[in-house]
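> Input sequences plus hints: build the corresponding full structure.
Here is how the chains run, residue by residue.
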Amino acid sequence: MAGNGGSGGADGPAVRLRGVTRRFGAVLANDDVDLDILPGTIHGIVGENGAGKSTLASIIYGLYTADSGTIEIDGRPAAIRSPADAIALGVGMVHQHFMLVPTFTVLENVMLGMEGGFLLGSGEAGIRAELESLGRRHGLEVDPDALVDDLPVGLRQRVEILKALFRGARILILDEPTGVLTPDETDQLFAVLNAIRDAGGTVVLITHKLREVMAVCDTVSVMRHGRLAGQRGAADTTTGELAELMVGRKVGQPARPSESAVGTPVLRAAGLIWTDAAGTMRLQGVDLELRAGEILGVAGVSGNGQSELLDILSAMSPVQQGHIEIAGRRIDAAHPATPAEMRALGLAHVPEDRQQRGLVLPFEVRENAVLGRPESAGPGPWTSGSAMQAHTEPLIARFDIRPPEPGRPAAGFSGGNQQKIVLAREFDGAPHVLLLGQPTRGVDIGTIETIHAQVLALKERGTAILLVSTELDEILALADRIVAMNAGRVTGTIAAEGATPRQLGLMMTGAVDGAAV
Amino acid sequence: MAETWIDILAVLDGTARLATPLILCAMAGLVSERSGIVDIGLEGKLLMGAFAAAAAAALTGSPWAGLAASLAASVLLALVHGFACITHRGEQIVSGVAVNILALGMTVVVANALFRHGGHTPPLGADERFPPLSLPLAETLRDVPLLGPLYAELVSGHNLLVYAAFLSVALVWWLVWRTRFGLRLRAAGELPEAVDSAGVSVSALRYRGILIAGLLCGLAGAYLSVAHGAGFVREMSAGKGFLALAALIFGRWKPLPVLFACLLFGLLDTVAPRLQGMDLPLFGPAPVALVSVLPYAMTVVLLAGFFGRAVPPRALGRPFVKEH
Amino acid sequence: MTALPRWLDIGVLPVVNLALALLAAAVVVALVGEDPLEVFAVLLQGAFAPGSLGYTLYYATNFIFTGLAAALAFQARLFNIGAEGQATLGGLGVALACLALEPVLPGWLVVLVAIAGAALFGAAWAVVPGWLQAYRGSHIVITTIMFNFLASGLMVWLLSGPMMRPGQGSPQTRLFDEAVRLPAIHDLLRGLGFEAARSPLNLSFLFALIACAAVWVLIWRTKFGYALRAIGHSEEAARYAGIPVRRAVVVAMALSGALAGCMALNEVLGVQHKLVLNFSAGYGFTGIAVALMGRNHPLGILAAGLLFGALFQGGAELNFEFETVTHELALVIQGLVILFSGALAYMFTPWLARLLLLRSAAHG
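Protein chains in written order, with this note's numbering: chain B, 321 to 837; chain R, 5 to 328; chain Y, 2 to 365.
Be aware that a few hints might be false.
[What the hints assert, rightly or not] Ranges between beta-carbon positions, derived for each pair:
id, chain 1, residue 1, chain 2, residue 2, range
1, B, 417, R, 208, 57 to 65 angstroms
2, Y, 136, B, 591, 36 to 44 angstroms
3, Y, 355, R, 208, 22 to 30 angstroms
4, Y, 245, R, 242, 35 to 43 angstroms
5, Y, 20, B, 463, 30 to 38 angstroms
6, B, 717, Y, 355, 36 to 44 angstroms
7, R, 83, Y, 355, 23 to 31 angstroms
8, R, 182, B, 344, 49 to 57 angstroms
9, R, 12, Y, 105, 49 to 57 angstroms
Calculated from the structure, these hints are not laboratory results.
Heads up, the beta-carbon is just placed ideally off N, CA and C, and yes, glycines get one too.
Set out below in structure tokens:
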């Protein structure tokens, strides 16, 4: 390992946390966390969604303050109450959602908060030079005068890293940096991180992707339910062991679903092309066929067109090019459909974002239970509390929604139970086609099993299910066939039986085509 | 020829006078909205400033005391807006409406209490107002053809606050686009999270933006009652704050285009009364009332994107929620 | 944001906010040199003394209509600041119907057409900003503000030109025929054998009550109301649910504008019997205060409307009793109410929540 000249030369950890605890309302996001991060290393923090990784990072960077516990930076106790404190201590952070002003240039974004004088002109030349030298040293070249709005995601991330380095960060925290990157961009990022480490910097990499941790980290800490579940040297562990630590139990090869009779095609998409408002072509000609009684899994790094595909199939976005056939109806640019019409054609939709889309959070459960189902809300143009109640009670029972109170606002339920409200509503009435987006994101393990069982049961009853998930394990556990998506294209289709994560991973990067089934 | 020229100069002169409060208020709105705080309370601050200026000038006999009172009153209202919208993350539109109505009521109530004059201040004498300033050589150069009258009639002969208004455009441009404060202010209006993450307080920035808006509206208020006018009359702001808001949108939140919008609106206002009794081709008698609302109609059309688009700062109206 | 129990949120918070507004107004009064208690006593007396109640209810009628207008739009999270202009146009609708039809139709029929005219013209003036927001993306707050000025320009033009009372210089129409007026309540009562003091209170107060009930049913008992509330909380979820969001926004604005337009029934058809400049007198903005104070609920709006009616009527009384405090004090209080129960609505939420926590801790 390279020398750690840049980290103040201390032999102790660059970051030391003791007893860090942070609560959000009733949720214990961090529970008595002790953690040492050694200087000159890349330290991974892994865990499931909601395990408390991001909260921990935000505490080190001063975005949140801990309720109790202590932080030491470079061996000295640190009171970090704001990002300004963290920056002064040499801590930098690259956020999951970029903190870049889109209407500013790269240079303006980098200098924000470190302008070098009251007049912008006075510091600009020096900052420009510093930026170029930083870029050269770490392989992070970006045009300083480019408007951030015009940059692709990968380059924006570079700007974020440059920002942190420019502020003198010796300890760089990256929160889920690869979620939006293509495999190529991910490799480039890792090269940059290695360079920073080799120059003596310390990198904290927060992710839920074990393969990445194994690829780039020196040390890995695993978080579960807000606690530190274990710490391993990357060389001394396996993804299997880390997965067990993350989940808290043995993760076996999940049981294959029983083969059921796959029926006739009920949904067909051909040549779907979709361009977003910014002019980026998000879908570049997608063909799909979904048959009754099968689960078709869509695997891919998020941001490769899966969300857009769900939007078009559910008519949340209009078809621009290509067409969809469902229940004997053809939908294309000249013959658009509305979400209500799609529902009437037997399509149900569990959206990826349940809090924004799938639920109206201040609405009571019974009001949410008729969202998109006005016919269950009451007779004619009227709504009726008793009709909604009658519609809701069986749903609550079937999905074991807790607490079982139809009159409670959806905002008053846990993430898992909120998701159950959405699922219960969409599974009801045996739809012909179900679009299932990230069904277990942010849901606790116990509930995941219930949800998987319900999905399989629905399939048994003949529903055609399109499952979009960023969790490969989930897709492998549920799907009959799997398509991989990369950069708006379907890069391959394989049978789930016998498929391996490695094979899928290659398909997701667009490197190989799966054999057609 | 010379007569037409004098006519044109008179119209432009009137335009400058009528545009002055618009320019000051629009610049106030620009600084506030660039920081992410919607300001539909320009009207209220203008009115409050106008009253405070006239009241103080009437009580002390000094227009400078009037100006100081106007700045203080307008800033006070700005702080109320800031307290609601920044400290308590209240709805900015609602707070703006409150500011406007408060000003409407307060000015009359206090005016009655102080002067018992039906909600007005007593008329101000010449020495209680800001006098027109005669620029050097204005009279000497008057006889130079074309440029002489231009200098003497249009450039010279305004009161201090008219010059302040035009100067404010340059100052605001310099402050918002050429200084560290401006960079941060604009960032707070586009993506406050980025400012916070850079270790800079969004609230402090927005408060400063709002204070500057208060000061500029205070200048505008003083202009109405102790420079352009001679005393306070109830509801004397008469929608100028809203017109400035329209100019701000029309000029797409950029100083120079906003200045031109203000001048255009001022020009319409100057020309409208001159159309009284004139017959327009195809239209018959000139609908003066309709000409004076043209700025509002133009703003609606612009906002609807029928020619170009007015894109506001992206975080405009969005309170910044910082968790601790 | 800390969540409060419903009873606190609906019952206590508005009272606390009103108390604060009154307290701040009392400070203003004291600074002006009068005794706040005395001023408030006169206010109350002026509002509820025998003979004044009719005036209080007459003002309240305006505020209920404009309050409902603001609240209905706000259910879909639309800030309709244009009630002023919509009311103005409502008046135009009334005047056009009356002036054009009174020579040819029986009075009661003209009144019906005038009512429809008020609603339709008000709706039309709100539909344009609604449509521009839904289909062209312009901000409804700005557009409705602009439409207020457009309405007033239009009125100045019409009343000093095409619609001006013949043979006279002031900007107003001629008086409507006796037969096309809304009956005053004191006349109706006299018809039933009760004696009541003369006041401008007329049949439109009943219309306002009916509007309250209708809005309640619409918002909480119909699928359209459900759609509006869904849009108000999450437009994304509403779209997902198959609600035609744009159309619903336009319809919501139409209904809101129609309610605002109905304010003209009270002022134009019920009291003035002619169209005059600026009859809306800022009542459209008062509607925002009423809606905020009434928590966008028709019952709350009824209560807040009565409160503001009392404030305005009592305020008028101030002019006679005090030299220094005038009826504009009502405007000050109105501004403070908007500030405290609107912009600062949640200033006390954490404080109340803590108080509640202490109490339950003491009990548990």
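> If you check each hint against the structure, which ones fail?
1, 2, 5 and 8
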